[in-house]
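Asks: So the chains spell out like this:
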Amino acid sequence: MLIKKGIAASLGIAMGPALVINKEQGRAEKRMLTPEEAHAEVHRFKTAVEQTRADLKAMRDKVLSVLGKKHARLIDAHNLILSDVIITQTIPKKIRGKLINAEYALQEALDNIERQFAKIDDEYFKERRFDFIDVFKKIASHLASAEKASSENISEPSVLVASSLFPSDTMAFRENKNVLGFCTDLGSKASHTAIFAQSAGLPAVVGLVDISSQLRTGDYIIADGEQGIVIVNPRAAIINKYKARKAELEKEEALFSRLKDLPAVTVDGHKVNVFLNLDAEGSPFKWKRLKAGGIGLCRTEGLFMNRSILPSEDEQYEKYLELAKAYSGCPVIIRTADIGGDRATKLGIKGLHDERNPFMGFRGIRLFLKYPELLKTQLRALFRANIKGNISIMIPMVTSYNEVEAFRQIADSAIAELAAEGRPAKPCRLGIMIEIPSAALIVDQLLSLVDFISVGTNDLIQYSLAVDRVNQYVSSLYEPFHPAVLRLLHLITEAAKRCGKEVSICGEMASDPEAAAFLVGIGVDTLSVTPKMFLRIKNAVRKLNFKTSAAMALSALDLPSAKKVRALFDSENSTHSKL
Amino acid sequence: MIKKNIKVVNELGIHARPAGMIVNTASSFPCEVWLENEDGMNVNAKSIMGVMMLAAACGSNLLLTANGGKEEDAVKAIEKLFADKFDED
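Just so you know, the protein sequences line up as chains A and B, in that order. Numbering-wise (the working numbering), the first sequence opens with residue 657 and increments by one. Numbering-wise (the working numbering), the second sequence opens with residue 4 and increments by one.
Rather than coming from a laboratory, the hints here were simulated on the basis of the structure. If you're wondering where the values come from, they're calculated on a predicted model, not measured in any experiment. Where hints are given, some of them may not hold.
[Unchecked claim] Have a look at the derived ranges for each label pair, beta carbon to beta carbon:
no.: 1; chain 1: B; residue 1: Ala86; chain 2: A; residue 2: Lys1082; range: 21 to 29 Å
no.: 2; chain 1: B; residue 1: Asp90; chain 2: A; residue 2: Tyr780; range: 16 to 24 Å
no.: 3; chain 1: A; residue 1: Ser968; chain 2: B; residue 2: Asp87; range: 34 to 42 Å
no.: 4; chain 1: B; residue 1: Asp76; chain 2: A; residue 2: Pro673; range: 56 to 64 Å
no.: 5; chain 1: B; residue 1: Lys83; chain 2: A; residue 2: Met657; range: 54 to 62 Å
no.: 6; chain 1: A; residue 1: Asn768; chain 2: B; residue 2: Lys10; range: 23 to 31 Å
no.: 7; chain 1: B; residue 1: Asp87; chain 2: A; residue 2: Ser869; range: 41 to 49 Å
no.: 8; chain 1: A; residue 1: Ser721; chain 2: B; residue 2: Ala86; range: 30 to 38 Å
Note that beta-carbon positions come from the ideal geometry of N, C-alpha and C, so glycine has one too.
Next up, chain B with everything else stripped away, as it sits in the complex:
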């Protein structure tokens, strides 16, 4: 199991489009992927409903957890999405 802190750095936060990108990426790996916000809300990163409920605005911190097959790759791929600001600009 891998745990990693990530910060939301894109201006608009995790709205529908970035949420979709997270779900698509997470779903392409066999492992379980979870995201937890600062309020302790823990959601399945393969569920768009869950990811959007995080209401993660720019500047907020999330805890990413992956457990199972290809967990390292999953964490890397999701971190990259955040770092690339979800191609927002």
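Chain A extracted, bound-state conformation:
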């Protein structure tokens, strides 16, 4: 068994025998011609160009009918390349002037183009060279009257493996039901091939470096387009694991097409926001197709990771701006960095080495209040980005009223500074994480200082139950349905409702479909969930009856054990699924 790591280019899992198609045609050799021969050579070249044009036309019709107008325009771009002066004038001139064969003139022109593209820094534009290579190789294949890479002779279901695939190949493969997915040595996520594969729903892993030379046709492979890996000749246990995952993905896809345009409301019309939890360092566009109503928690710790200098205000600003723009019109809640411990030391912040108990240590708001300049930098970036968005700021690890007051003072001075500098900026709504029992118990006082609260259930549960989840001896005591946790959540929600402020849950509990009835029942406004659980939570909300859930949540508060709480909600769930 061999595992190759590449780039996940198109979601999904393809499993089956590999079909290695090696299209490397090698470099053209130079041949010298007589002037008469050169004349005929130009004609031969022009014929190959016309044949390529005919191919493109056929391809365009296919693309248009299968993928639509937007994709067909890419083929139009290929047509324009065929009409470019390089093809229509430069190359014929070279053949005549230098008395060389068409293949060689074409090769030289392509080399020149590749050199030009090599100078471009932008990865997206750099990838566009494949459009030129694709067209040039097509002409070359007509010159050689070589057989076309054809999908017709793929007679059994296979995963295609190639050095690289051109958009036109990908297009042809889409039509062939025997093509399960593909893996290539070259390519990136921005390549046309990846884009076509995504729109065709074909799993793809690219950037595998040398897979086409390592594999032989017939090797059984799994192309995992989620993790960007290819497993060659996997063990039976792995095949079974992937079969299960594949079935799960198909189920999710079905759920997606059913739910994507439906609102998150209970059967009796109670609206619940289902938002996403994201990390600031990731691409904000990744989960857009879920059409979430907002971002309930964007963590920013990642911006401070794996580096030895702090991210500058401008660097942070760009990131927040990108996020705000990606979700323009939607609320985006960004949490100030919860850094501490070793990470802080690496960044040159004087913290504590090897804290005995980092859980209860120097991190989050505690660290930022000790080093207000760090906090101010982040706040300035956020206020500037808020000009283009709807950003709210959330403070982690709050335990006291003083901390929130101190935070507000720093925020006020950041705003005043920006105004004095004449930089456009807009204050953000302010909220706090409730993840420590002390904050939960004085939440009514804290609420007078902020616009909203969000409960980080993971830490709240760990701190309340004195359980470290990664300690195997006590991890079984971690229990979201512990009556004490439920009572805390109820107390928090009631306090927020009394002052008419929003309460959201952004911990893992929000991503647990079993907990949805209780959380919605006590009146939580927003469930902010991991992208993977988004559809399932939305689906769970849509199955709930708000009035019944509210009554059940209240009675759950009087139950003495988690087991009894689960039994109560289970009975309700099963009556529902029967309906």
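Assemble chain B onto chain A, guided by the hints.
Replies: Coordinates of chain B only, in the frame set by chain A:
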């Protein structure tokens, strides 16, 4: 001869499709049409190769030059393509 500054405002920049639209539009006028990026790279707007080599991302500025017959119309038509974000949305 007309010179005009234009800004790339569509989200994806001048990738293959917008480049194709520029080339098609420029080619429909008799005048010469040139585009220059901030690095001073000056290309024939009737060549897709040239236009794509500009690697013009969203937010970048280009200098459009037209010289010859119907130069005014050419500039207007190309400006409109940019302003309409190449029908991207």
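Asks: So which of those numbered hints doesn't the model satisfy?
Replies: Violated hints: none; all satisfied.
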